[in-house]
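Engineer: Below, each chain spelled out in residue letters.
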Amino acid sequence: MRITCPICGERDRREFYYQGAAVALDRPEADAEPEAWVDYVHVRDNPCGMTRDLWYHEHCGSWVVVTRNTATHEVIETALASDIKEQGA
Amino acid sequence: MRIEGKGLIDRGQQINFQFDGHSYQGFGGDTLASALLANDIALMGRSFKYHRPRGVLSAGSEEPNALVTTGLGAAQEPNVRATTLELHEGLVTKSQNRWPSLGFDLMSLNDWAAPFLGAGFYYKTFMWPKALWEKLYEPVIRNAAGLGALSGKHNVETYEKAYAHCDLLVIGAGPAGLLAALTAARAGADVILAEEDTRTGGRLNAETLEVDGKPGAVWAEEITAELAQMDNVRIMTRTSVVGAYDQGTFGALEKVPHDVSMRLGAPRECFWRIVAKRAVLAAGAIERPVAFRNNDRPGIMTAGAVRAYLNRWRVATGRNVVVFGNTDEAHRTVADLQDAGVHVSALVDARHHAKCDLDVPFYAGAEVCDAGGGKRLESVTIRTAKGTENVQADCLAMSGGWNPTVNLTCHMGGRPTWDRDIAAFVPVDGAVPGLSTAGACQGDFSTHKCLEAGVAAAQGALDDLGLKRADVVAPAAEDGVYDIYPVYAVPGKGRAWLDFQNDVTVKDVKQAAVENFQSVEHMKRYTTQGMATDQGKNSNVAALAVLADATGRGIPETGTTTYRPPYTPVSIASLGAGAQCKGFAPERFTTSHKATQEKGAPFIEAGLWYRPSYFPKAGETHWRQSCDREVNMVRNAVGVCDVSTLGKIDVQGPDAGAFLDFVYTNAFSTLKVRRVRYGFMLREDGHVMDDGTTARLSEQHFVMTTTTAAAGQVMRHLEFVHQCLVPQMDVRFTSVTEQWAQFAVAGPQSRDLLNDLLDTPIDDESWPFMACGEVSIGGVKGRLFRISFSGEHAYEVAVPSRYGDSLFRTLMTKAEALGGGAYGMEALNVLRIEKGFITHAEIHGRVTAYDIGMGGMVSGKKDCIGKASAARPGMVEESRERMVGLKPVGEVKELIAGGHLFDKGAEAVSANDQGYITSVGFSPTLGHNIALGFLKDGPARHGEVVRMVEHLNGVETLCEVCHPVFFDAEGGRTRG
Amino acid sequence: MAFSGWRVLKEGLTGNKGWAPHWRDAAPKDEYDVVIIGGGGHGLSTAYYLAKNHGISNVAVLEKGYLGGGNVGRNTTIVRANYFLPGNSEFYSHSLKLWEGLEDDLNYNVMMSQRGQISLFHSDGQRDAAIRRGNSIRNQGDDAELLSRDDVKRHLPYLDYDQARFPIYGALLQRRAGTARHDAVAWGFARGASDRGVDLIQNCEVTGIDVEGGVVKGVQTSRGAIKAKKVAIIVAGRSSQVAAMAGMRLPIESHILQAFVTEGLKPCIDHVVSFGMGHFYISQSDKGGLVFGGDLDMYSSYAARGNLPLVEHVMEAGMTLMPMIGKAKVLRSWGGIMDMSPDGSPIIDKTQTQGLYLNCGWCYGGFKAVPGSGYSTAHLIATDTPHTPAARYRLDRFFTGRGLMDEEGTGSQHNLH
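Taken in sequence, the protein lines are chains A, B and C.
Here the first sequence is numbered in our numbering, starting from 2 and rising by one per residue.
Here the second sequence is numbered in our numbering, starting from 663 and rising by one per residue.
Here the third sequence is numbered in our numbering, starting from 3 and rising by one per residue.
Once the Cα atoms are required to be at most 25 Å apart in a straight line, the calculated BS3-like pairs of lysine-lysine come out as:
hint	chain 1	residue 1	chain 2	residue 2
1	B	Lys1524	A	Lys86
2	C	Lys12	B	Lys792
3	B	Lys815	C	Lys268
4	B	Lys815	C	Lys155
5	B	Lys1172	C	Lys19
6	C	Lys54	B	Lys792
7	B	Lys1443	B	Lys1476
8	C	Lys155	B	Lys1244
9	C	Lys54	C	Lys31
10	B	Lys1155	C	Lys19
11	C	Lys219	C	Lys231
12	C	Lys229	C	Lys352
13	C	Lys268	B	Lys797
14	C	Lys268	B	Lys1037
15	B	Lys1172	C	Lys12
16	C	Lys99	B	Lys792
17	C	Lys229	C	Lys54
18	B	Lys1529	A	Lys86
19	B	Lys1256	B	Lys1244
20	B	Lys1155	C	Lys12
21	B	Lys1037	B	Lys756
22	B	Lys797	C	Lys155
23	B	Lys1256	B	Lys1279
24	C	Lys231	C	Lys31
25	C	Lys352	C	Lys219
26	B	Lys756	C	Lys268
27	C	Lys352	C	Lys66
28	B	Lys1598	B	Lys1529
29	B	Lys1155	B	Lys1172
30	B	Lys797	C	Lys99
Derived by calculation from the structure, the hints in this document are not laboratory data.
Using the sequences and the accompanying hints, generate a full structural model.
Structural biologist: Written out as structure tokens, the structure is:
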């Protein structure tokens, strides 16, 4: 499995650490309802198909949002998490 | 029997080898199988269940019968295919799964008991009496099962792993693969051509067919020579591509030839990870045996194998051969045999319409329905419309048609489709992204079609790669029509084998269907069909044809089982190459390692690091003596300890303080410059993640320490929080663990020792408790932190790593002069338990700040990671197991980490469980054992006597619950 | 038809003509008391115990593919009861006891082989954790022994004691742990359930769950609508998809776990050996293949296949621990889809929809749970009260923070358990 780090280019999966769904970018406000926090920390859409998840490229220290297919392992797109976060913010 | 003719062997190179204790000779280019057949050895193995005598079935890696054990001592290797084992001088081989000998195998009694040993018999019996299953039945089954044996000795040979990258990977170097490689190579693509055989050519080496007006093998050699001269081509023979993985990654096993692997340091095998932008599968096809009664007699083999032995190795597989088939290849087999002067006594063609222009007794629309003989075929029975006829034969060449080798196309979940015209499964396009197929593996069975397909597949790949197509035209070659009349199993009584090795017969498959194992997966699992070392390459299609018939379904509807990697079995040693001994994980050494070794200190693992356990002195015979001395030394004089393994992370930027406020539970933005603060961070789920001190060196510059084990995790966490949650914060992180050597100097005389070293002496005023800053040591710029993990007046001094060794030695010497010295992890542990300081023994991932008595350190004024989850009601309940100290108060003084706690008088069972002990040490300061642990509602129970029960060592101790700080609770020594 | 050695003899002597289907293939009826979605190990055992313990046999098990075709058909067959946290401890203890009587109960030889599991440790800290675990096991009434390094040498002389990267300090031994023939477990429960009147319906994919006014009414399937008073989702690996049909989102992420088997070998490994530092565990099947595995591939996936980095890591762990297996050849590798929960422990609970039950989150520990899970789930469905050994497997524990069972201590990152 190979993933394209937006900074370093295509690299072997060995160089990456997998974190989980990219929902981790959307941290609730500190005073959000408990349900929002349970959703954020524990509950997952867990799609069979397209998903966005977070990988850490250990060689350059980038957190990368990977858009990929969980049924086929096809990688569609990668982007720096910080770019996505800043654009979204 | 070896016959005249050139073949592809080197008659000038005579090779001596052994099989089952007997010496034989073969030639260069021989496999064990060809050499044994040349020596008229037909019996090469025994089957798995019935121990039926078996000869070679094939001439390739799919061989199910002729498996042998090679090598001696630790080099012993079981289950080696005689058909692919290259002969070399002095090769020692033996047959396997027989007792006492291959010729006389007592276990073949199983064959007589076959009526009771049919499919799945073991699920229905061996249940009574119950105790006998493990005492008798299972051991007997285990000993009877298995094929060859491991030596039981540690591997002593070298294996390797490697990476390779290319534009185009061509898998298989038969006619299709060779032309695919040539086409791509001439266009300038970087090509890897992988071939599992020792030479390129594929079936051309086994046939008498011509390509471009030359013998096929000669043509293949010429193309190979051209490829070998091109810089952009790498030809990898003896390399089996075993798996297709994501994004163009392929696994391949290269077997290094014996003469090369014998060289010093050379590996026996190399496992390759090949990353290819495009791939062409040209893996050929595997011939199907036909199931009929006693079709497993030695001497019965595939027609393709008979031709291979004849044409490539110049070995006649019999003196009197019958050929049975359902395509024109049966006729070609007869022609080849007759040309070589081998007698053919019958040609049996299952096709009614078949015509024969050869001088041979010909049976059209007929089938072979039985085979006579024991350890060697003696006769076959031919059934025609008119009746049956017995024909003498010592070899039967059979062919049920060919199965395209679709395996790799199915490794990523693809399923092949049934092609009625060729009565076989063919691959589905695009089943593996970037991989196309060419030649026989996609059902092109004429040589010319293979050549054309090779060119076409390469041209397609060149298009994808954006390279200009090369002008390659497929040369003239045989272009026959594949005309097949499907025959999978010949009807009749008796046992007809499908899976030779696992002894699965047509009857077994039918019985499975009767018992409702009708899904192809159920049939496989119930009968073990296809689960042998060939993974059904020889037998699966026929077996599912039988199943389809038995269940009244068609073959496509019945479907296949799943094709899984590896295509051919791969040694654990090659896949795990490099890890044996210490290679499994990196070893990290501190700068004081050598000096510590010189002191005779035993090391223990701390994560990937090695740290000293204790520093033994002359006369000390037990680690406790050393440990007690070192603890006393720190409490009374001064001790030195390397703490470089703790993670050190440089945090810099205008928002560094605000950022740390967010990751730590307590505030760091309020920390003054030149001061240090203790903090811990939570995971977002509210549990404690890690703890440590963070120093503020300047307004925008902090240095964070983490625990040894969590350094990497914390670094990643910081980057996560920054990049994914608060990228607007201007802050950066760098791991500087390796850059700084850091030593704890602890004890009442620590300042005296340091002042002896520092270019500018310090005092309480310039360097109070929790102060930090830059210092100069002999002109070297370092850092000094007044922090303490021992409860004593203590410092940690850091210098660039290159000065670590020198500083450690100096510190040790000076400490010794003051009545102190170096201390190790044992003493460090006792010192911190005396003070109630936690490590990952306590913050083991399941505790909250509340549990460790630090709930108050979660600031109410600000948000931080984990704060919301930590506030869940179940996370702050009094009944939770919370940290306490424990000391023995009864007659038994022993405490054991891992022991559980119970109310005095309560039975030691789960329902009464009150908690457990995490850390234990003998405190020389207090003169007894002390422990940290977790107890339900612990802080409210100080003074209560509870019972520690440790079943595994049989220890029960009454202990008093107390505050976790055992020593100097006011902290006067630290500040003093 | 009762199975026995006599029966095998009699059939053998009379041409093996008397064997009958092990279970009935049923066509779906219009309505059932209970519909179980998922014909894997847990679904089949739930059906069996519903019929056997509670007399509820108007039950259908709906299976998308073939019975036992999920993780019960592709695991490493280990059975043990060596958990240490309340909840897991009592549950697996109960399940192991059921295993010990399973052949008698099912009249089916599932080849339960209590050959003992040896879990190695490699530091003082790991020893302390092993002692804590061992005592939890003993407090629960199950067996655990502490082995010294020399003890381990006697049991496992073939490990590399001198060179291994992580030296062997000792081990925890559970003698009653072992292996079982995984497919046979599914088939045995299928046969037992079928004999008691349960309809086993293969090739029947559930496409919808009918809920009206907060009450479950039945399911839509590829073979038509089926009404049901109660519906249980027991589809580990696919839990999120099926639960979504009832409008639920779960604390589950699906991951790949690979496993491996070598070619057949004469007996050489007599125990289940587990090497936590290397995420490696191994045993030898009765057929002679070394069956082993390691950690997850570590990315969410439904592909039921993995990649090389993990393959190699597992083999590397094997080579550092027991370099005598180097010349064994890997014959087959496969991947299963694991229902990973945030604390690594499963869920057996009611849902907010009346009559809808959930059994999921088995991570990679589901095989040994097969009897216990079915027993407890059947109890829950039949009585609407939790079965005591599974009472802590609540869905709301992530909301309350109460009773989390994080054996690994890694927190709510699903793949780290």
